[in-house]
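Colleague: So the protein sequences, as listed, match chains Y and H.
Residue 120 in our numbering sits at position 120 of the first sequence, with consecutive numbering throughout.
Residue 425 in our numbering sits at position 425 of the second sequence, with consecutive numbering throughout.
These are computed hints drawn from the structure, not numbers from a lab.
Hints should not be assumed to be uniformly reliable.
Said to hold, decoys possible - Chain H is nowhere near these chain Y residues, computed Cβ spacing over 12 Å in every case:
#1 D14
#2 I25
#3 S42
#4 E48
#5 A110
#6 K131
Claimed, not checked - Quick look at which bits of chain Y chain H covers, simulated, 3 or more residues with Cβ under 8 Å:
#7 52 to 59
#8 91 to 97
What you are looking at is a predicted structure, and each value in this text was computed from that prediction instead of being measured.
We put the beta carbon where it would ideally sit given N, CA and C, even for glycine.
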Amino acid sequence: MNGKTLVLGVIGSDVHAVGNKILEISLKEAGFNVVNLGVLVSQKEFVEAALETAADAVLVSSLYGHAEIDCRGLREAFIEAGIGDIRLYIGGYLVVGNQPWEETRAKFEALGFDRVYPPNTLPEEFIPQLKQDLGIEE
Amino acid sequence: MQLIILIDIGSTFTKVSAVDLETARFLGRFQAPTTPANVNEGLQVALTGLGDELAQAGATSGDIKRARKLACSSAAGGLQMVAIGLVTDLTAEAARQAALGAGARVLKTYAYELTDADRDEIAQLQPDIILLAGGTDGGNHTTIIHNAQVLATLDLNVPVVIAGNRSVAPEVAGYLKNSFNTYITANVMPEIGRLDVEPARQVIRQVFMDTIVQAKGLAKAEELIEGIFMPTPAAVLRAGTLLSKGAPGLAGWGDLLIVDVGGATTDVHSLGMGHPSRSGTVMRGLPEPFAKRTVEGDLGVRVSALPLVEAVGAEVIASHLGWDPEEVRGAAAKITANQDYLPQTSEDVEFDQALGYFAAKTAVGRHAGRLSEVYTPTGAVWIQEGKDLSQFRAVIATGGVFINSSAPAAMLEGAARDNSDPLALKPVDPVYYLDGDYLLAAAGLLAEDYGQAAFRLMEHSLKRVS
């Protein structure tokens, strides 16, 4: 265990459960304490779980193209709860169709996410970044 | 015959029941007004009355004197608690659940950081026990520590049960130990999505037995009896658990519901996990304890008759009875105002029947989980919050309004699913039983040392009414 707690879940009216489960397993293997909220997770549930568990980062997945609507106000909700400086990550099929990735990334960074990952990102690609962001020595 | 006497020291009546342990049969009961200044007086009257009842069964006064006597109590306001947690829907709710399941009346539940005003309010509420939770194990610790520091300045001698983040429990106790008796137990919510309320319930019960009974002036009764072992609602929940799970060699009844309609409150106890009965349903919200108790302070058939009418709507009750809404309000106001009310006329009886029906209907409706439909790009998905009671087969009624009714099953039908609200997960097509001898609390007391006898006692005495 590396002592860092992560909250993860699939936001909004999205029921894609498989990637979420794979993510949980990979993150546990990497030594994280994982609080997996599963699918159909509301903003409120992300915030409350992060508060109770004193989470170090929140990992939001979205695979159905409506992430922008679902994530509006999420950073603000964390600020309201007094944990506004928590690290926020998002990944998946965030928008519908083939929009330029840089635009999508910029859109989600503007919503308050620290890192934004495109579809088909493998755990081994972003886990080292996550560890680096959270100050975990390899 | 092996006589045992089970006692319920209530706020108005002290009720004593005699049971033969060998046959697991109910022998008789007697009740006398509770005497708050010295509970022994009322208890003695009740025991003497029971002696006369039992003389016919061949028991002598010596038999009664020698019999084990176990009691539960809801006198002197019952067990009153304040529950404290971090997030309203998470540890604060888990703490509330733990307190309710321990048989407490929860005066108030606090979430997030306590303020000085909250502390002053707690001082006025004068709880018997404070349950302090907050943070999952290894999670948030700042709030529970802050709350302990605020509580440390509370001008009230009250035991504090600490059931929060395990990592800081000793530190939390450290802030409190100079002025309070503290008890550390397992976290009511060790991780998100997992409830662990049973250890806290056990500790609360122990504190109740060891100190609250004393503080409430009930300990005097222990000259006549072995002890007051739990608050009455905890005894009912325990009886329900035994009936559901069974005893060694005796198969339990499975999932069941107990509806206890009283004058001031309506309690609902569900025994069963209540997992979704419809496939593909997604569970949301706090996980539910196997043994869950809810208390509705605005639903009752005597002092709470008027609040009940307000909660349900006078028009709804009026149309059910074929009365005028004003008549409904008037009748309820009369009952609420008159402590010694007894139904006299046929209208009174009819109104009692309606009050019982709507108390059961509303209380079970609030206790039961709900389904809601969410539309996703891949189709509709059902979300369940709370327990699915639809497959619960047995619904057991207890309380005077049912026992005195000539049609208890009709009253109990309020507990079942109705087509006007199909998304409320109430029992579909249940079988109704009546606790006609007021034996549930007694069976819960008996369950401690005599599980099989307690189980058989309930099987003998619960009467099927549908």
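Colleague: Hint by hint, note whether the structure agrees.
Modeller: Hints and how they fare:
1. D14: The claim breaks: D14 (chain Y) does not keep its Cβ more than 12 Å from every Cβ of chain H (closest is about 7 Å).
2. I25: holds, 17 Å
3. S42: violated, 8 Å
4. E48: violated, 4 Å
5. A110: holds, 24 Å
6. K131: holds, 19 Å
7. 52 to 59: holds (count 4)
8. 91 to 97: violated (count 0)
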